[in-house]
Amino acid sequence: MSAEYAPTDRPDRPGFLGAVPQRVGRIAGRAPLTTALVALLVVVALVAGSAGGDADDALDGRVGTGAAILGAGKWWTPLTYGLWSVGPTALIATLLLAIAVLAPAERRLGAPATLGLFVLCQAGGALLGTAVIELGARTGDVWLGSDRGDAATGASVGVVGVGLALSARLSPLWRRRLRLVFGFGVVLFMLYDGTAQDVMRFCGATVGFATGVLLWGRKRPRRERVVSHAESRVLVAIAVGTSALGPLIAYLTRAPYGPLSLYSDLFVGSGPGVEDLRSTCNGVADMSGDCLQVRSEYLLASSPAVLMLFVPAVLLLIVAEGLRRGRRLALLSAVLIEAGAALVTWRYAVQVLSSLDPSDPDYADAHRFVIQYSIPLVAIPVLVIMLLLAKRRHFQLRVSRRTVLKVSAAVAAAFVALGAAYVQFGYAVREEFTPVPGIGGLAADFIERLIPPVYLGILDAPSAHFLPQGGAARMLYVWAGPVFWAVTLSGLLLAFWRSPMRYKTASEAEARALLTTYGGSTLSYMTTWPGHEYWITRDARAAVAYRVIGKVALTTGGPFGDPQVRDDVLGEFAEYCDQQGWTPCFYSVTAETLDAATRLGWSGIQVAEDTVLALPDLAFTGKKWQDVRTALNKAGKEGIAASWVSFPDAPQALRKQVRDLSHEWVAGKGLPEMGFTLGGLDELDDPQVRCLVAVDGAGRLHGVTSWLPCYRDGEPVGWTLDFMRRSSEGFRGVMEFLIATAATQFKQEGAEFMSLSGAPLARTGGGPQPDGLQRLLDGVGRVLEPVYGFRSLLAFKAKFQPQYRPLYIAYPDPVALPAITNAIGRAYLPRTTPGQMLRLSRRLLG
12 MSAEYAPTDR PDRPGFLGAV PQRVGRIAGR APLTTALVAL LVVVALVAGS AGGDADDALD
72 GRVGTGAAIL GAGKWWTPLT YGLWSVGPTA LIATLLLAIA VLAPAERRLG APATLGLFVL
132 CQAGGALLGT AVIELGARTG DVWLGSDRGD AATGASVGVV GVGLALSARL SPLWRRRLRL
192 VFGFGVVLFM LYDGTAQDVM RFCGATVGFA TGVLLWGRKR PRRERVVSHA ESRVLVAIAV
252 GTSALGPLIA YLTRAPYGPL SLYSDLFVGS GPGVEDLRST CNGVADMSGD CLQVRSEYLL
312 ASSPAVLMLF VPAVLLLIVA EGLRRGRRLA LLSAVLIEAG AALVTWRYAV QVLSSLDPSD
372 PDYADAHRFV IQYSIPLVAI PVLVIMLLLA KRRHFQLRVS RRTVLKVSAA VAAAFVALGA
432 AYVQFGYAVR EEFTPVPGIG GLAADFIERL IPPVYLGILD APSAHFLPQG GAARMLYVWA
492 GPVFWAVTLS GLLLAFWRSP MRYKTASEAE ARALLTTYGG STLSYMTTWP GHEYWITRDA
552 RAAVAYRVIG KVALTTGGPF GDPQVRDDVL GEFAEYCDQQ GWTPCFYSVT AETLDAATRL
612 GWSGIQVAED TVLALPDLAF TGKKWQDVRT ALNKAGKEGI AASWVSFPDA PQALRKQVRD
672 LSHEWVAGKG LPEMGFTLGG LDELDDPQVR CLVAVDGAGR LHGVTSWLPC YRDGEPVGWT
732 LDFMRRSSEG FRGVMEFLIA TAATQFKQEG AEFMSLSGAP LARTGGGPQP DGLQRLLDGV
792 GRVLEPVYGF RSLLAFKAKF QPQYRPLYIA YPDPVALPAI TNAIGRAYLP RTTPGQMLRL
852 SRRLLG
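Every position in the sequence shown, counted from 1, becomes a number in the numbering used here once 11 is added.
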């Protein structure tokens, strides 16, 4: 019997606090090196006093390492500087990082190898980083020259290096994730924070990465290089979000050295401080132009309006989230924002250069520094735009027009309402402003309240018109901008968050009604997936779902609707295609549909084999069901339960596990994930699709299957298996367990049959002698078997003693076969890159 998704209760287990010593003991036993290092770092921090507060510079100079320190002859410091921490925040971050990285490394590589890698990366990062800093200082680089006297301390250099070395031993999915997080992390900290420690951490990461590739990278099969569709979106999203993450790092460090922190105020401002106020204003009564502007910015930075300083960064992060979700609107927004960022950065650089004093002794160095690092700061948005355009095929999900209209209306209403309130109430309390404004001044000032202060100077906007002195005026002044941007950014996030608009013709509802009323084949529910258009007969009794690729109208299965008219549909649809200049091709149709096509003079060939189980008489008895019974019994002994869920309504933790499991499965393939008649994560997001998951007592997902309904008279009479994923480290018989459990449940519900679906390019070999084209397809199936495993899947399904029903393609003109072949390939692999196509061609050519 199936059960609702929930971790199995274990009343006899100790409470959380009682179990802590046991858990700590188990972790320490499995990772003694990590435990020893963590304990050593804590003890040293307690002795040095850095566990409760920041260490002083004198201590750092004695125990740290760096270019100047090594130059003074302290050659041992690259081996010892990792034992010290600059303060409690750095200590906690290092401890957490060490536990997260070194403990898994010990389990996979062993303690001796992990220790060796740690020492290599820690010392190698220090030495290589010191060499980079020394070289930069001697060539006159201002940034690296300022790092020469720094003293670096901390073990994060070696830990990050071990993490990147370990990535070479992980599965493709986790290898990319680890490299992505550590790679972007060390680069951002180096370029925005920019201390000697950051440079050494980057160099330690480089040493670890190179070591891992040399030791284990060459042993991986080439087919693991594929990046899934979802991962491509994540990579692009991170590239856009980096423009916000870097300035956030510069803001949090407060005293950034990094070269790219030069213009971080463009994304995360800090506002003027007390010293800026004192140096600009001549006393409390000074309300002149520059002083009034500084007073205004100081007021905003010390009030709720400080949120305005973060608007550009938050906007970029929201757009990055939209890109992660594949929204086309996010792609357009990102291109416009990056183009604006390039122009604003260039203009800001011009202003910075013009503000330099030629009489200053350091003018030449400062001028060279600004020029040197302004170029990459302007070039980065341009490169991101090129990346967005190159990857635009991954962002095809459109936000519904209704959502766009709602968000636009909300933003417009917020602008009008806030503007009217600002002018009306501001004029009513105008005496609380200094100087006293008029209606025109209030209206002009309202526009400026919506612009982050740093952009006012870049855009040559007028200085502040007045300053609030009373409570009501101050409330208007500081809240107008945050409220407007809260509405705008929330609306934009909502537009990206909501489900994308599916591209369907106006006849979608009518086609779905025909499907649920009359039904079709075991594949007919796939016609509800995104990307289909619908053609419906004149009498509205049958329909065909198709997609146009090139000049081929490729169907998903045969016609569905009234069985009495289905045979006539092929000819009528062919006439419609002829009018449009298309070649029809019915794909994955049954023998009955092929017979109807043959009567029209069409040709056909088998492309798959459906596997169907009759449920009324199903019983897992006898020797032939031994594997299935073993899986059912073993699942019960291991505490694994089958749970029926609807993926859209499933708990967030379960949804994440399903996504991770799917991404892991895709990452291990040599070619991209297939689509068309093979559903993925997007197709799970349907309340009519039933998901059966295998979960153990700890809530860990071992496998998942999805089942598509087969209708008759508005009710499901059968179910078709679609989505299948199992954990590589989970219960080995999980698929047998899930399918057998589903069959039992469907039988109890009165279903007539269950289809295990067809596997493309795989068949049992029965039927008539294959012709040349059939032998070619069989050969393609053999070539692709190591990648997609369709034949292995068909052999697996044989455990359930199914009835085999061939599936065919039917086409009117053999001359169109090359175009049909291309259309089918593009349907299954719609997002294939040129490199992936080259690898596929090599496989086909042997």
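Wrong hints could be hidden among the right ones.
Unchecked claim - DSSO-like cross-link-like pairs, simulated, lysine-lysine; straight-line CA separation at most 27 Å:
hint	residue 1	residue 2
1	645	562
2	635	402
3	648	562
4	810	645
5	758	562
6	758	810
7	402	645
8	635	645
9	402	648
Read the hints as simulated data drawn from the structure, not as lab findings.
Against the structure, the hints:
no., hint, result
1, 645 with 562, "violated (52 Å)"
2, 635 with 402, "violated (50 Å)"
3, 648 with 562, "violated (55 Å)"
4, 810 with 645, "holds (17 Å)"
5, 758 with 562, "violated (43 Å)"
6, 758 with 810, "holds (18 Å)"
7, 402 with 645, "violated (46 Å)"
8, 635 with 645, "holds (17 Å)"
9, 402 with 648, "violated (48 Å)"
Consistency note: the structure conflicts with the earlier hints numbered 1, 2, 3, 5, 7 and 9.
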